[in-house]
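Sequences listed follow chains A and B, in order. 1 is the number of the first residue of the first sequence in this note's numbering; add one for each residue after it. 162 is the number of the first residue of the second sequence in this note's numbering; add one for each residue after it.
To be clear, the hints were calculated from the coordinates, so they are not data collected in a lab. Hints are supplied without guarantee of correctness; some may be wrong.
Stated by the list, open to error - Label pairs and their calculated CB-CB ranges:
#1 B:285 / A:68: 31 to 37 Å
#2 A:31 / B:322: 17 to 23 Å
#3 B:320 / A:88: 34 to 40 Å
#4 A:92 / B:285: 24 to 30 Å
#5 B:250 / A:68: 39 to 45 Å
#6 A:156 / B:225: 26 to 32 Å
#7 A:159 / B:226: 30 to 36 Å
Said to hold, decoys possible - Listed below are the simulated DSS-like cross-link pairs for lysine-lysine, each with C-alpha atoms no more than 27 Å apart in a straight line:
#8 B:292 / A:131
#9 B:317 / A:156
#10 A:85 / B:264
#11 A:131 / B:246
#12 B:192 / A:131
#13 A:31 / B:317
#14 B:317 / A:131
#15 B:264 / A:131
#16 A:131 / A:72
Quick reminder that beta carbons are idealized off the backbone N, C-alpha and C, glycines included.
Number of protein chains: 2
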Amino acid sequence: MPLAAPALAAGRDIAMPDILHRVGMNASPAKVYRALATLEGLSHWWIVGTTGDPSIGGTLHFRPEGGGFDMKVLESTPRRRVRWKCVGGPDDWVGTELIFRLKSRGGQTYVLFTHAGWREPVEFMHHCSTKWAVFLLSLVNWVERGEGRPHPYDVKIHPGD
Amino acid sequence: MPLAAPALAAGRDIAMPDILHRVGMNASPAKVYRALATLEGLSHWWIVGTTGDPSIGGTLHFRPEGGGFDMKVLESTPRRRVRWKCVGGPDDWVGTELIFRLKSRGGQTYVLFTHAGWREPVEFMHHCSTKWAVFLLSLVNWVERGEGRPHPYDVKIHPGD
Numbered sequence: 001m002p003l004a005a006p007a008l009a010a011g012r013d014i015a016m017p018d019i020l021h022r023v024g025m026n027a028s029p030a031k032v033y034r035a036l037a038t039l040e041g042l043s044h045w046w047i048v049g050t051t052g053d054p055s056i057g058g059t060l061h062f063r064p065e066g067g068g069f070d071m072k073v074l075e076s077t078p079r080r081r082v083r084w085k086c087v088g089g090p091d092d093w094v095g096t097e098l099i100f101r102l103k104s105r106g107g108q109t110y111v112l113f114t115h116a117g118w119r120e121p122v123e124f125m126h127h128c129s130t131k132w133a134v135f136l137l138s139l140v141n142w143v144e145r146g147e148g149r150p151h152p153y154d155v156k157i158h159p160g161d
Numbered sequence: 162m163p164l165a166a167p168a169l170a171a172g173r174d175i176a177m178p179d180i181l182h183r184v185g186m187n188a189s190p191a192k193v194y195r196a197l198a199t200l201e202g203l204s205h206w207w208i209v210g211t212t213g214d215p216s217i218g219g220t221l222h223f224r225p226e227g228g229g230f231d232m233k234v235l236e237s238t239p240r241r242r243v244r245w246k247c248v249g250g251p252d253d254w255v256g257t258e259l260i261f262r263l264k265s266r267g268g269q270t271y272v273l274f275t276h277a278g279w280r281e282p283v284e285f286m287h288h289c290s291t292k293w294a295v296f297l298l299s300l301v302n303w304v305e306r307g308e309g310r311p312h313p314y315d316v317k318i319h320p321g322d
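Chain A on its own, in the form it takes in the complex (with noise of 0.2 Å):
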C-alpha cells in the first residue's frame, strides 16, 4: 500500500521530500553554534556519549542502543551553518545530509533544520520527522537552561519509542 497521501498521487514528484523544521532560543549564535559542533553539546540535546571528530571532514559516531548513525562533517562555520551526511545508519539516512542554519533575529537566534535527501515519504520518514522537532527542542532547552532531553531521555512520541 502506497504510504502516500491521496493529495500527493497527481503527478507530482515526490522523489526527494524533506524534513523542515525551526525553532528559535534565546541565546547568541556562537552559543547556538557550540551546541551543534561539539561532541559536549551533541551529547547534551541528541544523544548521549557522541564521540568522534566534529571537525570538518572528520566523521560523529552517535550509538543509541540497538542503532547508531555516523555523519560526515561537511561544513562547520561558527555562528553560521553545520552541515552533515550520514555515511552510517539505517538505510533510509545513509546519504541524506543534515543541515543546521543559524540566524539572529530580534535577539534571539533562529535555527533551520532540513534533513535533505529521502528516497521516498516512507512511514519511517514521518517518524523522524517528529522526533526531529522533540530533539530540536531538547536544543532549545539544553541551550537556554541546561536542561537538554538527549536519547535516552528525549520525550516519546510512541509507546515503545
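Following the hints, put chain B in place on chain A, whose structure we already have.
Relative to the frame of chain A, chain B by itself:
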C-alpha cells in the same frame, strides 16, 4: 536570499514539499478519530474554542487570537481518516490539504499526518512543521490522559511564539 539549503539547489523539484509526522498512542482508532473529528476533540488538543461543522462538506473554524484557519472537511471516515482543505487563513496555507490517517498496529493507534501542497519551503513552513509536532504530541496526551495543550496553552518553540 533563498531559504532552501544548498543541498536542495541541484535541479530538484522542490515545488510542493509536504510536512510529515507520525505519533502513536495507547487508544482505540475510534477514540483517536473522535479527537480529530469533533469540536470537543479539536478544542482540546489543537486550538481552544473550535467552532463549525465537522461533518463531510462542512467547514471548521479555528480562531487563535490575531489569526485563524477555516478548514473544509473533505473526508471523515470513522477509525480511518480525516482530510481537510484550508479555505481561509495565512496565504501559505490556503489551498493546502491536511490529512490524518489512522493505523492500528501492535495494540496502539498511529496517526500519520500530512500537510500537503505547500508551494515553497518558506521559513514559515519550517515553523509550522515543528508546531505540528508539538500539537500532535498534545493530541497523544489528550487521548491517553486528558492532558492536551491546545493553543494558547501549547509548548512554545521560540521566544514570542
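Consistency of the hints with the structure:
1. B:285 / A:68: 31 to 37 Å: 34 Å, holds
2. A:31 / B:322: 17 to 23 Å: With Cβ atoms ~20 Å apart, the hint holds.
3. B:320 / A:88: 34 to 40 Å: 36 Å, holds
4. A:92 / B:285: 24 to 30 Å: Taking Cβ atoms as reference, residue 92 of chain A and residue 285 of chain B lie about 27 Å apart, which means the hint holds.
5. B:250 / A:68: 39 to 45 Å: Check passed, 41 Å falls within 39 to 45 Å.
6. A:156 / B:225: 26 to 32 Å: At roughly 27 Å between Cβ atoms, residue 225 of chain B and residue 156 of chain A fall inside 26 to 32 Å, so the hint holds.
7. A:159 / B:226: 30 to 36 Å: Holds, at about 35 Å.
8. B:292 / A:131: 12 Å, holds
9. B:317 / A:156: 18 Å, holds
10. A:85 / B:264: 32 Å, violated
11. A:131 / B:246: 26 Å, holds
12. B:192 / A:131: 24 Å, holds
13. A:31 / B:317: Distance of about 20 Å is within 27 Å: holds.
14. B:317 / A:131: 16 Å, holds
15. B:264 / A:131: Status holds; Cα separation ~19 Å.
16. A:131 / A:72: 21 Å, holds
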